[in-house]
Every structure is written in structure tokens, then in C-alpha cells.
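S.K.: Listed below, chain by chain, are the residues.
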Amino acid sequence: MHDHDHDHGHDHDHDGHHHPRPASDIELRARALEALLVEKGLVSSDAIDAVIDRYVNDVGPQNGARVVARAWTDPAYRDRLLSDATSAIGELGYAGDEGHTMVVVENAPDVHNVIVCTLCSCYPWPVLGLPPTWYKSAPYRARVVAEPRAVLQEFGVEVPETTEIRVWDSTAEVRYLVLPMRPEGTEGLAEEELAELVSRDSMIGTGLPQTPAAR
Amino acid sequence: MHDHDHDHGHDHDHDGHHHPRPASDIELRARALEALLVEKGLVSSDAIDAVIDRYVNDVGPQNGARVVARAWTDPAYRDRLLSDATSAIGELGYAGDEGHTMVVVENAPDVHNVIVCTLCSCYPWPVLGLPPTWYKSAPYRARVVAEPRAVLQEFGVEVPETTEIRVWDSTAEVRYLVLPMRPEGTEGLAEEELAELVSRDSMIGTGLPQTPAAR
Amino acid sequence: MDGAHDLGGMQGFGPATWPGAEQALPNDWDARAFALAVTSSSQSTHAFRHTIERMGHARYLCVSYYEKWLHEAEQALVETGAITHAEVDAWVDRIAAGEQPPRREDPVATAQLLEAMATSHPMPPAAAAAFAVGDRVRVRRMRPAWHTRCPRYLRGATGEIFRIQGDDGVPDVNNAEREAVYAVRFEAHDLWGEDTGDHVVLADLWERYLEAA
Amino acid sequence: MDGAHDLGGMQGFGPATWPGAEQALPNDWDARAFALAVTSSSQSTHAFRHTIERMGHARYLCVSYYEKWLHEAEQALVETGAITHAEVDAWVDRIAAGEQPPRREDPVATAQLLEAMATSHPMPPAAAAAFAVGDRVRVRRMRPAWHTRCPRYLRGATGEIFRIQGDDGVPDVNNAEREAVYAVRFEAHDLWGEDTGDHVVLADLWERYLEAA
Numbered sequence: 001m002h003d004h005d006h007d008h009g010h011d012h013d014h015d016g017h018h019h020p021r022p023a024s025d026i027e028l029r030a031r032a033l034e035a036l037l038v039e040k041g042l043v044s045s046d047a048i049d050a051v052i053d054r055y056v057n058d059v060g061p062q063n064g065a066r067v068v069a070r071a072w073t074d075p076a077y078r079d080r081l082l083s084d085a086t087s088a089i090g091e092l093g094y095a096g097d098e099g100h101t102m103v104v105v106e107n108a109p110d111v112h113n114v115i116v117c118t119l120c121s122c123y124p125w126p127v128l129g130l131p132p133t134w135y136k137s138a139p140y141r142a143r144v145v146a147e148p149r150a151v152l153q154e155f156g157v158e159v160p161e162t163t164e165i166r167v168w169d170s171t172a173e174v175r176y177l178v179l180p181m182r183p184e185g186t187e188g189l190a191e192e193e194l195a196e197l198v199s200r201d202s203m204i205g206t207g208l209p210q211t212p213a214a215r
Numbered sequence: 001m002h003d004h005d006h007d008h009g010h011d012h013d014h015d016g017h018h019h020p021r022p023a024s025d026i027e028l029r030a031r032a033l034e035a036l037l038v039e040k041g042l043v044s045s046d047a048i049d050a051v052i053d054r055y056v057n058d059v060g061p062q063n064g065a066r067v068v069a070r071a072w073t074d075p076a077y078r079d080r081l082l083s084d085a086t087s088a089i090g091e092l093g094y095a096g097d098e099g100h101t102m103v104v105v106e107n108a109p110d111v112h113n114v115i116v117c118t119l120c121s122c123y124p125w126p127v128l129g130l131p132p133t134w135y136k137s138a139p140y141r142a143r144v145v146a147e148p149r150a151v152l153q154e155f156g157v158e159v160p161e162t163t164e165i166r167v168w169d170s171t172a173e174v175r176y177l178v179l180p181m182r183p184e185g186t187e188g189l190a191e192e193e194l195a196e197l198v199s200r201d202s203m204i205g206t207g208l209p210q211t212p213a214a215r
Numbered sequence: 001m002d003g004a005h006d007l008g009g010m011q012g013f014g015p016a017t018w019p020g021a022e023q024a025l026p027n028d029w030d031a032r033a034f035a036l037a038v039t040s041s042s043q044s045t046h047a048f049r050h051t052i053e054r055m056g057h058a059r060y061l062c063v064s065y066y067e068k069w070l071h072e073a074e075q076a077l078v079e080t081g082a083i084t085h086a087e088v089d090a091w092v093d094r095i096a097a098g099e100q101p102p103r104r105e106d107p108v109a110t111a112q113l114l115e116a117m118a119t120s121h122p123m124p125p126a127a128a129a130a131f132a133v134g135d136r137v138r139v140r141r142m143r144p145a146w147h148t149r150c151p152r153y154l155r156g157a158t159g160e161i162f163r164i165q166g167d168d169g170v171p172d173v174n175n176a177e178r179e180a181v182y183a184v185r186f187e188a189h190d191l192w193g194e195d196t197g198d199h200v201v202l203a204d205l206w207e208r209y210l211e212a213a
Numbered sequence: 001m002d003g004a005h006d007l008g009g010m011q012g013f014g015p016a017t018w019p020g021a022e023q024a025l026p027n028d029w030d031a032r033a034f035a036l037a038v039t040s041s042s043q044s045t046h047a048f049r050h051t052i053e054r055m056g057h058a059r060y061l062c063v064s065y066y067e068k069w070l071h072e073a074e075q076a077l078v079e080t081g082a083i084t085h086a087e088v089d090a091w092v093d094r095i096a097a098g099e100q101p102p103r104r105e106d107p108v109a110t111a112q113l114l115e116a117m118a119t120s121h122p123m124p125p126a127a128a129a130a131f132a133v134g135d136r137v138r139v140r141r142m143r144p145a146w147h148t149r150c151p152r153y154l155r156g157a158t159g160e161i162f163r164i165q166g167d168d169g170v171p172d173v174n175n176a177e178r179e180a181v182y183a184v185r186f187e188a189h190d191l192w193g194e195d196t197g198d199h200v201v202l203a204d205l206w207e208r209y210l211e212a213a
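Residue numbers (our numbering), protein chains in the order written: chain A, 1 to 215; chain B, 1 to 215; chain C, 1 to 213; chain D, 1 to 213.
In case anyone wonders, no lab produced these hints; they're calculated from the structure. Watch out, some of these pointers could steer you wrong.
What the hints assert, rightly or not - The following label-pair restraints were derived from C-beta to C-beta distances:
(1) G56/D - E196/B: 38 to 44 Å
(2) Q112/D - K40/A: 36 to 42 Å
(3) K40/A - H121/D: 26 to 32 Å
(4) T119/C - D135/D: 56 to 62 Å
(5) D74/A - H121/D: 22 to 28 Å
(6) P124/C - Q62/B: 27 to 33 Å
To be verified - Which stretches of chain D does chain A cover? Using the computed rule of at least three CB atoms under 8 Å from a CB of chain A, they are:
(7) 1 to 9
(8) 36 to 47
(9) 194 to 206
Stated by the list, open to error - Residues from chain B that keep clear of chain C, each with C-beta distances beyond 12 Å, as calculated:
(10) Y55
(11) R66
(12) R80
(13) L189
(14) E196
(15) P212
For glycine and all other residues, C-beta sits at the position ideal for the given N, C-alpha and C.
Chain A extracted, bound-state conformation:
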């Protein structure tokens, strides 16, 4: 946080008048709206900075990875996670907007879960941060409810024919996290080491956790 650094908001801009490249229309509009709302007292600059800081630095898939690693190593936690995900995730300190009501869906040899939001871009912020571009894109949202195997193949994920694919469309305020299967060959690993294997996409269902050998 750089609450008192007046240049913080501009360090990463490329549109100052000292810079040769002109600001794009959208960059200018974003800065203009912020200036107007600050001028009118409708937002404060430090709140803008703090919200960005939270979602750039504090909240991201590393949170979800800790949840998954805990569930892999602590059977009682796994049970709590599957029966009341909101509380179990809250135990690790992850809570808030776009994660008020959490449901964790567990992969198994006969079930593979995938998450989408066909109507907009609902995504479990407290455990995964903000959604990547592909998750919000028209192709993913349009196709994965109708042809998940083809989409998963594009992501490099082959799901056995005998495995039921469940596509969860986040149409309401429940937010979903996939609990992937623990990779083979990880018996000796500690929770922190396991967390490093848990990719963001494995918690959406469009990827699998890494194996120790692949790292």
C-alpha cells in the first residue's frame, strides 16, 4: 500500500504528458471518471489504490491452493469443506465479495467438475482472485455448457470417456471452487509443497494440478 504516495496511481500509467505515446480513449476516460468522482467526493483515491492492492497482491489463486492442499492433507477439513465450504474457507481467512456463499465440488475418478458463468463472469474472488480473460470471454462462456470435452481438449485436459463431466453454471450468488484429485506421487509432500502444485485452472476445472515430476 502506498496511501500517501501521490504518484502511485500514475506510476503504471503510460499516458502522462511527459510521455510521447498518447493515452487511449479508454485510458483517458478511466482517469477522467476517477478525477471527477474524487473531485466530487464520491470516491477517495486511497480506496481505489487499496482495492487494486487487495486484488493484485493479497487475493489470488494462492488462497485457493492453500484450501486445496489443506483438504488433501486433513480429512476432517476436507469433510468440513465439502459440507460447508463458506465456513471452512473462512477458517483460513478467505472471505468477502464474490465469495459470500461458497460451494466446493470434488473431482473423483468418475466425476470431473468445471465452472463457468454463461451470463457474465461470476468467479470466487476470495479464493481465486479476479477471473482471467479467457474465463470472461464469449467462446468459453458459450461453449463449455454445450461441448465441455471439446473445450477441455483445447485446454489440454483429457477426461476419460467413463468420467461424468459436470459443468456448473454460476447463475446465482453461489460461487464454486473445484477440489481437484491429489496427484500421484505426492505422498511425502508437506501442505505448503502441495499448494505449489495447485494451479488456478485446476480449481476451475479447466486444468489439473501439476505432478511433482513436472515441476
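Mind docking chains B, C and D on chain A? Use the hints.
M.R.: Then chains B, C and D, alone, in the frame of chain A:
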């Protein structure tokens, strides 16, 4: 037709190099594609001119108006039109593309018919010519199947509550023409006079025929 | 293909009429694009429409009507190998530089074309229609990869056979098969729910789009 | 409102992955647009989404993700009368001319905002659910004028209650009423027809979207 007038295609262009206004991208692309296809012998210039001439000068709602006026004045023709519209319309010399199979739907005090093509812009060319912009537009195509009364009100057409509105969606190769009700006060008019009262929109169902008083 | 072209029932487009929306061919290039598409295409009507549907959703909604036809005329010939986009680009540059485009006359072919354009080939009667007038039918749920003429807003809805139109080539297989086409009558509340008006929608549907209800 | 945002099952968009599509906040202005929308909005989530849905079909499909949020942030405040588009335009000119935008600090309010953003308010259990797990239900056909969370591809389809999620405010009436939300399980062939795969789709649907099947 101006088959041998080499400038015909350019008289109405506004993009010659003698003209100060530069041609738009789309104008240029249309001329370029035509030039290429002529150069390659894939189309002939006189065919392009003739097709335009046909749909600008020969084929238009005046054809449908003659069909309607005949049906209003000749009960036997009306019966043939309603039972086999393709043949009855052919009797007057109107036939061909986008009118291979015609169906005429008759308005009555208890039925008002409206035509649309939600998937593209199907329209009975031989009797109405090429469709107007609004008929091909997203708002008309999207709304008239779901809220025809609201759309008709925007066109200034009030249909009594007790009248059933039938919206015909031209999803296949049948093309529809509405036979509107003959206006009151037209008992003494000849067929040619009646035809002048028949507006294009009255044959789509988004308008009504003019009355003699309104002319 | 379920794309942006499938507009029935969609919302958020604003009013259906606006000033200046009356003209069929508002610009000279509209007329020439129309005539080029009509004279150059050797595709079926279904393939013609599918070429337009593949333009991309946003572009389909943005461009003017005959720009779609111009796209079709160029794209279809590029896909058969008859021309390349680069050849069209080259002619764009030549015309922009002031070159007069060539003309070529073919009065015999033109007369044949006009004759063909003005001749109707009506749909033959249905040879073996599975449904009769008055039968209750349900529109199948589907997600066809190629062109279809079964709009999304009818999928899964129940209606009644109103008229048997005849036999026609099936769009979804580019006319490789023929079958009966029916005008099916739907009550508005069976399409849009209880809060809608009391109008009726009639749509022409191929037999394979329907199942007994 | 059934608009371009309702993408489930639509075709013609190409592959679901492409290079460079990984970043959540690819540009600095994305981050600031995101934070502006989050901090300035006093709308419900439903009204927030509806403001984006009203952008227009083609624009919705064309613009980048946080441009939609920036649109929402501006449009919502214009509609409440707090600001005008002209005031934003004026600041565009001032910043383009080199003026330094103002800053304002409010550490107390910022701390409260962060605390609120990090606090969960889980959905309460369903008080009076009309359906039980295992019940067969059909999604109602509808055409809602305002925002809805019932996607088009589910309308008219039959599924099974899989889980009762709890009670929540109803989007279609902007939280003016509350009712049970259910996870409903659909077999793919009941949504997309016989030619589709054998997967399952689960969607969370408010009670009023459903009827007994």
C-alpha cells in the same frame, strides 16, 4: 436497361476520381470485387446492371398492390389466391426468386397477419421487391414475434384487442403476402384506383391500406 | 449454427422503426453488392446464409445489410478458390488510384439469368408427411453445427400443425435430403410464458425439427 | 432482458483459449476501472449487471471486459444524477491537456470498505422451499423485461433438483422479494438434443423460474 451504356454503372456512383469526396471503404470494396469478377469472367457487367434494373424499376410493391386490388374486385381470383397463391400471382406475371412458393394470408375483423423473418430477411421479392431497412433490422426481427402489439403501435397500427394477431416467421422457403381488408368507402373504385391505396406495409401487416379520404 | 443472426425474442435493440429506414437500396454500392451476390453465387441459399452467419457476432450486428451480401460474394468465391482476398485488395488500390474498372458484356447469359430469376419452381406437395393438420408437436432441442432454420426461441416449445407446405431440401444437410415442411402454430404463452400477450406465432419447420407432443 | 450477454450454447465464437488471455488486469486502466466500479457503485449486483446488459448487443460483444465496468461506473452515476457525461468529457480534456488529476484521502472510510469487502454474508437456509432434492422440474419459458439470471438455453428444459442452496433476493425484482435457490441438474441431451455428449449441466435457479415437471 442500358446494356450498351458503359457509364451506367458509374452514373450513380459518387466515388469517381473526378469527384472530391473519397470513396468509402465499402464502396471501394464493392467496386473492386465487381472489377475482379468481371476481369476473371465470373460475372458480366450487363448482368449486374440488369439485376439492379429489375429490382429498382420492374419489381416492387406495385406488383403486390395489383394482386390485392384484383382479389378485392374478383371473388374467384381471391379464392384462387388463397388456395394457390403461387399460381394466382403467376397469372399476373409475377414469379421467380424469393417467391417460388407463395402463401397469401387474409386479414379479417378477427385476424390480423404480420410477416417477419427472424433468422435473416426472407421477403416476397416478386410482389414486394426488396425489403426495406426496418424489415431487415434487429429490433423488428427480435421483437415482432414476442410483442407484436407494441411493434404495431410504433408503426401507427392499432389492432383491436379482440383481433387475433398472427405473426408468420418465414423460417423456410415459403414467402408470405398479407391480403389486407378492403377499406370502407371504396365501393365505386376501379381495380387500378384500388391498387393505389395498397401500401407496401399493408401487405407485410405493419400498415393498413389508405382510405380514399386520406389520399 | 446458433449465432447473432438468430434474433427472435431478443431484447435491448430499441424501437422497430426510425427515420430513414424505408429505403431498400439506400446507396449505389448497396445495389451493386446485392447484384454481385445474386449473380456470382453458385452456393445454395442455405450455404449463402451460413457464409453470412459465420461473419462473427459483433460484425453481424454492426455492419449494414448489403455489406453482409458483399462479404458473402467475396468469401464464397475465396473459399472455392476462384479468387483471393489479395486480388480484391489489389483492385481496391487500382480503383482508388483512379483506374477505370473493366466491363464485359454477355447478353445471352444475361437474358438467361433474367429469365431464370423470374421463373418460379414451387415446392412439390409433401410425399410422406408424418404429421397431419391438427397434430400436437414439440420442437426438438438441438445445437446444429451447420446452418439451421430452426430458431432458438422455438426449441422445446409445443404447437400444432396448421398446414402442410410441401417437400423441400433440408437446410441442415445442405439439401442432401428432402422432407415435409409444416406451418406450425404456437400460442404466445407457450413461447414466452404467462406474462406475454395472446398473439399467435406461425413458423415453417422441417419434419426433423419436430416430434410428437 | 435477453441480450448478447446470454451466451450459453451460442456458436461461432472460435476456440476458448488463445495466447495472452491469462491476465486478469492486463492494463493499468483495467485495474482502475475495476476499482472505480467497485468503490463507486451503490447499485445492487443485479442492477450493476443490468446496466452492463443495456450497453447494446454489438458493443457488449466488442469492448474489453473492464470497459464494461467503466461504462457501468459512469452510467449508474449519470442515471442517479450524481454526475453527467459532460462532466466526464470535461475531465478528459483537462487530463489530455496535461492537468494533474486531484487526489483525496479518506483512511477511515477506506479501512471500512476493505473490512466490508473481506466479510462474507452467506445465503441463509431456505425457509420454505417448494421443491425437494430429487424432484423433477421444468424451467419456465419467459421473456423478462428487466435483469434475469435464468439463461435462455435452460428455458423449457426439464431437470432434477440436486441441492437446495438457500434463500436469496430475486434478481428479476431487484431483491424486492426473497425465495429458495436450487442447484438443478440437467442431462446434456435434455438441453442440446440427442446428438450431444453425455455431460451434465448444473445451474442455480430461483424458485420462480421452475415448475413441477
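S.K.: Evaluate each hint against the coordinates.
M.R.: Taking the hints in turn, this is what the structure says about them:
no. : hint                        : verdict
1   : G56/D - E196/B: 38 to 44 Å  : holds (40 Å)
2   : Q112/D - K40/A: 36 to 42 Å  : violated (20 Å)
3   : K40/A - H121/D: 26 to 32 Å  : holds (29 Å)
4   : T119/C - D135/D: 56 to 62 Å : holds (59 Å)
5   : D74/A - H121/D: 22 to 28 Å  : holds (27 Å)
6   : P124/C - Q62/B: 27 to 33 Å  : holds (30 Å)
7   : 1 to 9                      : holds (count 5)
8   : 36 to 47                    : holds (count 5)
9   : 194 to 206                  : holds (count 11)
10  : Y55                         : violated (7 Å)
11  : R66                         : holds (16 Å)
12  : R80                         : holds (14 Å)
13  : L189                        : holds (26 Å)
14  : E196                        : holds (18 Å)
15  : P212                        : holds (24 Å)
The structure fails to meet hints 2, 10 from the earlier list, while all remaining hints are met.
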